[in-house]
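A.B. asks: Listed below are the residues making up each chain.
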Amino acid sequence: MADNGAADPGNNNNNKPDASEGTIIKVTVKTPKDKEEIAISEDASVTQFKEEISRRFKAKQDQLVLIFAGKILKDGDSLNQHGIKDGLTVHLVIKTAHKAGDGASSSPSSSSSTQAGSSSSPSPGTNPSTAGTTGPAAPPTQTPNILTGFGDLSSLAGLGMGSANFMELQQQMQRQLMSNPEMLSQIMENPLVQNMMSNPDLMRQMIVANPQMQQLMERNPEISHMLNNPELMRQTMELARNPAMMQEMMRNQDRALSNLESIPGGYNALRRMYTDIQEPMFSAAREQFGSNPFSALGGNSESGAQPSRTENREPLPNPWGPPSSTSSSENGGGTTAGTGTTTGTNPSVSNPLGINAASLGNGMFNSPGMQSLMQQISENPQLMQNMLSAPYMRSMMQSLAQNPELASQNPASSPSAGTNTAQQQQLMQQMLQMFAGGGGGGTQTPEVRFQSQLDQLNAMGFINREANLQALIATGGDINAAIERLLGSQPS
Amino acid sequence: MFKVPRNFRLLEELEEGQKGVGDGTVSWGLEDDEDMTLTRWTGMIIGPARTNYENRIYSLKVECGPKYPEAPPTVRFVTKISMNGINNSNGTVDSRSIPILSKWQNSYSIKIVLQELRRLMTSKENMKLPQPPEGQTYSN
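In order, the protein sequence lines correspond to chains C and P.
According to the working numbering, the first sequence is numbered sequentially starting from 1.
According to the working numbering, the second sequence is numbered sequentially starting from 493.
Keep in mind that the hints are not guaranteed to be accurate.
Here are the simulated SDA-like pairs of lysine to any residue, each with C-alpha atoms no more than 20 Å apart in a straight line [as the list claims (entries may be wrong)]: (1) P:Lys553 x P:Arg542; (2) C:Lys33 x P:Lys553; (3) C:Lys33 x P:Asp515; (4) C:Lys85 x P:Gly514; (5) P:Lys620 x P:Thr571; (6) C:Lys74 x P:Thr566; (7) C:Lys74 x P:Thr517; (8) C:Lys58 x C:Lys85.
Source of the hints: derived by calculation from the structure; they are not laboratory data.
These numbers were taken from a predicted model, which means no experiment stands behind them.
Given only the sequences and the hints, what does the whole structure look like? Please build it.
C.D. replies: The structure is reproduced here in structure tokens:
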């Protein structure tokens with residue numbers, strides 16, 4: 001074979017000691033992206049081979065890793081040793097400077113920051129809302145509520161962010177999380193977080209320990225019912241943990257809902273459900289993890305098929321509320337509820353709006369439009385009263401419905417919100433529409449609309465007109481549902 | 493079906509391994525060229541992009557027993573890896589968790605096993621698993 005004693009024509013390798021001996025073989029060098037044929041002497045060493053390769057592939061020699069027949073070719077070896085012959089293929093990997101190894105080293109740091117962050121992610125509803133609330137105006141006093149629930153995490157304050165104030169730290173983390181959904185999914189995938197989330201008891205304790213949550217639970221026994229059901233909690237957490245699963249669930253819900261529409265009488269039920277879900281939707285409007293609370297709703301696909309009212313209904317207080325601590329705390333509690341609620345169906349309406357709102361959430365709360373809205377609300381005592389007396393979003397929406405220009409003014413007045421403005425307007429209009437559709441009357445006050453129902457309730461012995469009205473509003477005029485609500489809200 | 497004798501199959505696979513058949517992301521060959529029984533093989537998987545395995549080269553040992561290709565080979569990672577179905581302490585691939593091994597067919601080959609393992613690296617459950625520092629190997 002090696003019979004050409006003359007200088008090898010293809011021998012353009014430098015420093016080949018016994019140049020005359022080796023035959024030139026053509027070896028194919030293949031990377032995942034590309035392929036080159038390299039001529040080299042049969043007796044060459046791996047080093048020489050790499051030199052040639054580095055020239056051809058324009059990479060540094062020490063970035064090259066050569067593999068043949070499942071073995072890594074070390075620089076000291078010779079091609080012969082590995083049996084590399086003419087026409088065979090060698091695999092090449094060009095190592096880039098940043099390696100996946102960084103992923104390993106950054107995960108310990110991310111897991112420690114996720115411990116701090118885990119105070120936010122495991123109960124996705126609670127923290128973001130309160131942190132979100134605390135963002136612009138309200139005092140950070142609400143965050144300690146959550147923290148105490150999670151045990152003493154203040155020691156983690158020094159981690160990562162270098163902020164002495166743990167509240168700030170948390171807020172920063174929230175903002176970061178919000179702005180970077182990928183980071184969120186990374187955090188969710190962190191085994192530490194997943195472990196936490198897979199422990200229903202732990203989750204429940206954390207949620208319950210939150211005083212805002214406790215308030216909410218008092219107001220709505222359904223929440224405590226839901227929390228006490230371990231199966232449900234587990235499902236919820238599965239969902240929260242696995243975004244893909246959440247989306248699946250949501251899609252199932254949507255399909256179930258569309259089926260529901262075709263059942264006679266089902267459309268009314270749907271409308272009722274819409275109004276019920278309006279509230280969580282509003283919370284999503286200011287809740288950054290907008291889609292999460294909803295997907296949590298998709299916990300039980302069976303109940304979607306039932307035309308009767310759903311169990312889920314945590315009236316979420318109004319996200320448009322002025323940054324007073326009451327409404328903020330209600331918001332916080334409300335959004336937790338939004339997260340924690342399930343067994344209700346997940347209407348398709350909330351999905352598109354939920355996602356819309358999530359992106360809105362940030363912009364909306366901070367935009368001048370919101371602030372002008374709040375201004376106008378405070379200027380209009382009627383509105384204020386409504387808001388304060390009925391923590392349900394619905395009343396506020398009623399007022400808005402009565403003063404439609406108020407509604408349209410607000411988004412319009414936000415100067416440079418850009419796309420946010422358009423979205424806000426859309427959201428507002430949709431909300432108004434749905435509200436109108438759900439209420440069936442649009443511009444009448446609830447008292448007027450539910451006059452007959454109120455009378456009936458009165459006749460049955462429910463003399464608390466305010467409570468009746470609220471219940472009717474919440475159930476969209478359905479007397480039976482209202483009664484259940486009233487009975488449920490009696491001190492238990 | 494006509495059953496190909498074991499050695500024929502393995503010689504064919506040896507040749508394919510040397511010729512680099514496939515997309516260049518896996519490689520395999522005899523561990524010892526003198527091994528006349530063609531039992532012990534080494535394999536190499538290049539970690540797929542956009543996963544935590546990216547840019548890493550995983551070395552494996554594949555053992556084709558006497559019943560191969562009727563019986564699946566045993567596979568073991570030499571390079572440390574964190575992946576579902578791979579024993580964390582010694583790198584052995586659990587034949588029951590990897591579908592291609594549990595539902596082995598005699599038309600499968602070492603190449604297919606390696607490619608399948610590589611594909612599993614891209615699965616959602618695996619791709620983000622934190623990995624040990626590069627270059628570590630299992631002690632045995």
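A.B. asks: Hint check: Lys74 (chain C) vs Thr566 (chain P), CA-CA at most 20 Å. Holds or violated?
C.D. replies: 26 Å, violated
A.B. asks: Hint check: Lys58 (chain C) vs Lys85 (chain C), CA-CA at most 20 Å. Holds or violated?
C.D. replies: 24 Å, violated
A.B. asks: Is the hinted pair Lys33 (chain C) and Asp515 (chain P) satisfied, with a Cα-Cα distance of at most 20 Å?
C.D. replies: The given pair, whose Cα atoms are some 9 Å apart, holds under the 20 Å limit.
A.B. asks: Straight-line Cα separation of Lys33 (chain C) and Lys553 (chain P) no greater than 20 Å?
C.D. replies: 26 Å, violated
A.B. asks: Straight-line Cα separation of Lys74 (chain C) and Thr517 (chain P) no greater than 20 Å?
C.D. replies: Within the cut-off at roughly 19 Å; holds.
A.B. asks: Decide if the proposed pair is consistent with the structure: Lys85 (chain C) and Gly514 (chain P), CA atoms, cutoff 20 Å inclusive.
C.D. replies: 18 Å, holds
A.B. asks: Tell me if the straight-line CA distance from Lys553 (chain P) to Arg542 (chain P) falls inside 20 Å.
C.D. replies: Answer violated: Lys553 (chain P) to Arg542 (chain P) is near 25 Å, above 20 Å.
A.B. asks: Lys620 (chain P) and Thr571 (chain P) were given as a pair; does the straight-line alpha-carbon distance stay at or below 20 Å?
C.D. replies: 18 Å, holds
The structure fails hints 1, 2, 6 and 8 (numbered hints given earlier, in ascending order).
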